[in-house]
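Asks: Take these sequences, add in the hints, and give me the full structure.
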Amino acid sequence: MRHLKILILFLALAAVGYAAEVKEKKEFRAVIDKDGVQRVEVIGGEYFFEPGHIIVKVNVPVELTVRKKPGIVPHDIAIESPDAGINFKQDISKEPKVIKFTPKKAGKYPIYCSKKLLFFKSHRERGMEGVLEVIE
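The numbering of the sequence shown is our numbering, which starts it at 1 and goes up by one.
None of these hints come from the bench; they were simulated from the model. Remember, it's a predicted structure, so these values are computed and weren't measured experimentally. Some clues are possibly wrong.
In silico BS3-like pairs for lysine-lysine, Cα to Cα no more than 25 Å straight-line [as the list claims (entries may be wrong)]: (1) Lys97 to Lys116; (2) Lys69 to Lys116; (3) Lys105 to Lys57; (4) Lys34 to Lys57; (5) Lys89 to Lys100; (6) Lys57 to Lys100; (7) Lys57 to Lys108; (8) Lys69 to Lys97; (9) Lys115 to Lys89; (10) Lys57 to Lys89; (11) Lys57 to Lys104; (12) Lys69 to Lys26; (13) Lys97 to Lys115; (14) Lys89 to Lys26.
Replies: Right, dumping it as structure tokens:
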């Protein structure tokens, strides 16, 4: 009976690990709306961004609408690539906030939460990061 409990626990942990891995790979390809803007909704939660991989076109305006899932841990969203026309750090809350920019250079740029509490790992180190991929 003990071996069965251990096996069930192992399978449950493996399923959780697989689900986390799948969540990290979630990808969103932005579409250019009739007004010429690429719009993306991003949700931040307990150490994740969804989607975790965003694809947009270069030289086309982008509007990221960001919000946080309910919880007490504060989060922000940041991209620091001024040479590509993408440079912001915005606290996120349950109320949606819109971040506007126009990417000027193709490439892959890290999206992350810059929060850190005292001597604990940063939110980025805990997995709250993603990628903004800018394509031609």
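Asks: Is the hinted pair Lys89 and Lys26 satisfied, with a Cα-Cα distance of at most 25 Å?
Replies: OK: Lys89 and Lys26 at ~22 Å, within 25 Å.
Asks: Please verify whether Lys115 and Lys89 have alpha carbons no more than 25 Å apart.
Replies: Cα-Cα ~11 Å, so holds.
Asks: Is Lys57 within 25 Å of Lys89, Cα to Cα?
Replies: holds, 21 Å
Asks: Between the alpha carbons of Lys57 and Lys104, is the straight-line distance 25 Å or under?
Replies: Within the cut-off at roughly 9 Å; holds.
Asks: Run the distance test for Lys97 versus Lys115: straight-line Cα separation, threshold 25 Å.
Replies: holds, 18 Å
Asks: Given the proposed pairing of Lys69 with Lys116, does the C-alpha separation stay at or below 25 Å?
Replies: This hinted pair holds, its Cα atoms lying about 18 Å apart.
Asks: Against the 25 Å threshold, does the CA-CA distance of Lys97 and Lys116 hold or violate the hint?
Replies: holds, 22 Å
Asks: Taking only the CA atoms, is the gap from Lys69 to Lys97 under or equal to 25 Å?
Replies: Holds, because 13 Å separates the two Cα atoms, which is no more than 25 Å.
Asks: Holds or violated: are the alpha carbons of Lys89 and Lys100 at most 25 Å from each other?
Replies: holds, 12 Å
Asks: Can you confirm whether the C-alpha distance between Lys57 and Lys108 stays at or below 25 Å?
Replies: Since the Cα atoms of Lys57 and Lys108 sit roughly 12 Å apart, the hinted pair holds (cutoff 25 Å).
Asks: Between the alpha carbons of Lys69 and Lys26, is the straight-line distance 25 Å or under?
Replies: The given pair, whose Cα atoms are some 17 Å apart, holds under the 25 Å limit.
Asks: Is Lys105 within 25 Å of Lys57, Cα to Cα?
Replies: holds, 9 Å
The structure agrees with every numbered hint stated previously.
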